[in-house]
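Asks: One-letter residues, chain by chain:
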Amino acid sequence: MSAAPILEVRDLTKRFQGLISINRVSFAIEEGEILALIGPNGAGKTTLVNLISGTLAANEGEIRFQGAHIGGLPPFRRARLGIARTFQVMKPFPSLTALDNVAVGALFGLQGGARTRAAAREQARQLLAFTGLAARAEQDAVALGGPDRKRLELAKALALRPKLLLLDEVMAGLNAVEIEEVVEVIKQIRDSGVTILIIEHVMKAVRQLADRVLVLHHGELIAQGSTDSVFKDPKVVEAYLGKRRA
Amino acid sequence: MRLVVVILLVVAAGLLAAVPLLGDAVLVQYGINALLVATLAQSWNIIGGFAGYPSFGNSVFFGLGIYGTAIAMTQFGLPFGVGLCLGAALAVLCALLFGLPVLRLRGHYFAIATLGLSFAVAAVISNLEIAGANIGLILPLIRADGMFYELALGLLVACVLCVYAISRSRFGMGLIAIREDEDAAASMGVNTTLYKTAALMIAAFFTSIAGGIHAYWITFIDPASSFDPTLNVRMVIMAMFGGPGTVLGPVFGALVLSAIYEMLASWISTAAALLFGLVIVIAVIFMPRGLADLAVGLRRHGPGYLLQNIRRHRI
Chain G
142 MSAAPILEVR
152 DLTKRFQGLI
162 SINRVSFAIE
172 EGEILALIGP
182 NGAGKTTLVN
192 LISGTLAANE
202 GEIRFQGAHI
212 GGLPPFRRAR
222 LGIARTFQVM
232 KPFPSLTALD
242 NVAVGALFGL
252 QGGARTRAAA
262 REQARQLLAF
272 TGLAARAEQD
282 AVALGGPDRK
292 RLELAKALAL
302 RPKLLLLDEV
312 MAGLNAVEIE
322 EVVEVIKQIR
332 DSGVTILIIE
342 HVMKAVRQLA
352 DRVLVLHHGE
362 LIAQGSTDSV
372 FKDPKVVEAY
382 LGKRRA
Chain Z
84 MRLVVVILLV
94 VAAGLLAAVP
104 LLGDAVLVQY
114 GINALLVATL
124 AQSWNIIGGF
134 AGYPSFGNSV
144 FFGLGIYGTA
154 IAMTQFGLPF
164 GVGLCLGAAL
174 AVLCALLFGL
184 PVLRLRGHYF
194 AIATLGLSFA
204 VAAVISNLEI
214 AGANIGLILP
224 LIRADGMFYE
234 LALGLLVACV
244 LCVYAISRSR
254 FGMGLIAIRE
264 DEDAAASMGV
274 NTTLYKTAAL
284 MIAAFFTSIA
294 GGIHAYWITF
304 IDPASSFDPT
314 LNVRMVIMAM
324 FGGPGTVLGP
334 VFGALVLSAI
344 YEMLASWIST
354 AAALLFGLVI
364 VIAVIFMPRG
374 LADLAVGLRR
384 HGPGYLLQNI
394 RRHRI
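Going line by line, the protein sequences match chains G and Z.
Going left to right, the first sequence walks through residues 142 to 387 as this note's numbering numbers them.
Going left to right, the second sequence walks through residues 84 to 398 as this note's numbering numbers them.
Check each hint, because a few of them may be wrong.
According to the in silico footprint, chain Z covers these stretches of chain G (three or more CB under 8 Å from chain Z) [unchecked claim]:
id	stretch
1	149 to 155
2	335 to 346
Stretch-level coverage of chain Z by chain G, calculated; a stretch enters the list once three of its residues show a Cβ under 8 Å from a Cβ in chain G [as the list claims (entries may be wrong)]:
id	stretch
3	207 to 217
4	255 to 265
If you want the ones that stay clear, here's a sample from chain G, every Cβ over 10 Å from chain Z, calculated [as the list claims (entries may be wrong)]:
id	residue
5	Ser-194
6	Ala-209
7	Ala-225
8	Ala-261
9	Leu-301
10	Asp-374
Calculated from the structure, these hints are not laboratory results.
Quantities reported herein were computed from a predicted structural model and do not represent experimental measurements.
No residue lacks a Cβ here, since even glycine has one placed at the ideal position from N, Cα and C.
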């Protein structure tokens with residue numbers, strides 16, 4: 142039913158000196174789906190996001206976005222093509238207001254974004270409202286608490302008007318109510334036509350959101366498929382819980 | 084409110100422009116120096132204050148402006164204006180060629196690399212015959228302090244207008260994003276390499292023009308005084324004192340510090356440098372984010388602002 146995948150990764154490999162962080166990983170993301178990327182700590186999930194967003198350069202393999210090779214492009218070009226990301230270790234612009242933090246994305250994002258600072262602020266204001274930060278618009282980002290910083294990361298990424306959104310643990314550190322809120326926000330983002338790759342340790346959220354799940358372990362893809370089938374896969378159980386429990 | 088500020092600034096510029104009419108030669112000479120240094124601090128502000136790259140290579144651009152002008156006028160008999168253009172071209176080209184590799188470094192590494200650049204360029208110049216080697220050059224003598232004063236004022240006004248335009252622009256927003264978090268800026272679509280290099284080139288342009296005016300005014304130039312790293316330190320101190328990343332802070336910082344230094348030097352000449360250092364230490368403790376932030380802070384919190392700073396920074 143669907144055409145070519147929006148993102149296709151083939152034999153992607155990343156080595157840090159001797160350590161192989163990502164080992165010949167291949168997968169595709171279909172347009173409009175939510176794909177969850179899970180795996181134990183140190184599995185290479187964030188590295189994979191860094192490779193897709195261009196923050197890191199891969200040693201081998203190729204990345205295609207909407208059919209075009211993007212492996213050699215710098216991060217800002219990938220952002221302008223429509224790939225937005227959040228950072229697990231949050232990276233707000235500390236001495237800018239929450240509003241201006243988001244306005245930067247509206248100014249520099251996908252073509253057709255705001256070209257004046259006033260227009261960018263207007264878009265930013267809407268995104269802050271959407272992510273539940275409207276009351277914090279004029280506060281400096283450094284003064285925001287943890288949950289609000291997570292929301293800010295999300296609003297900043299959305300300001301690029303992305304086609305593909307890479308979410309790196311946006312729910313870590315949130316309480317149950319806040320997680321529900323973010324799950325709702327992510328559903329709405331998907332319904333607006335954005336494809337989403339989400340790294341998440343909160344399994345309840347993964348069950349609610351994901352159309353498909355990828356499992357990464359020691360830099361290798363050990364399973365992929367529907368949520369239920371993946372959670373029953375003995376290799377996945379072993380990776381998470383150890384051999385004797387399996 | 085904004086209109087009031089604009090009117091005040093225009094009036095201030097007009098009053099400053101009228102200073103040579105007073106006929107006080109010492110005041111005019113002090114003024115030329117202060118205005119040129121204010122331009123240097125404001126130029127540093129573009130790369131250091133907005134983009135957050137603590138450059139110690141701006142004295143190189145100053146020196147290239149000096150030597151471009153001096154070589155054009157003494158070796159080729161070209162007019163002053165052509166000399167300024169040559170100096171600016173050299174400096175902007177230098178910013179482009181060295182900026183591309185050096186701007187890949189961040190923080191302290193960038194500072195050290197640019198500091199090294201200033202020693203390297205000084206060494207090259209002092210071995211060039213055309214630049215008078217390590218003896219230097221003597222420019223055509225001219226007694227026109229009034230003209231130099233007005234040129235320096237005009238350059239400062241142009242530099243402030245340029246920084247104002249940057250602060251309101253998409254470009255300026257990109258520079259600030261780079262300063263705040265470069266990786267995040269890149270992932271939000273900011274062409275960081277282009278923006279940083281452009282910022283350094285703009286800073287180089289204004290710095291070198293100031294150097295050219297300085298050269299013709301001071302007449303005798305040599306490598307040691309033209310590529311003086313302590314001049315770069317002064318740019319940093321003045322911009323930080325005034326408020327880095329603001330439009331008017333570095334200018335006020337430079338003018339205020341110049342005035343303080345001049346007064347100290349004339350009252351108690353021997354201990355002036357010591358007291359000047361003390362002023363800076365006190366300023367860093369009580370207003371670590373500069374005069375611009377002090378103005379906002381005092382309005383918002385009253386005198387408690389000064390104590391807040393001490394507490395916030397655990398001094």
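Asks: Flag every earlier hint the structure violates by its number, smallest first.
Replies: 1, 2, 3, 5, 7, 8 and 9
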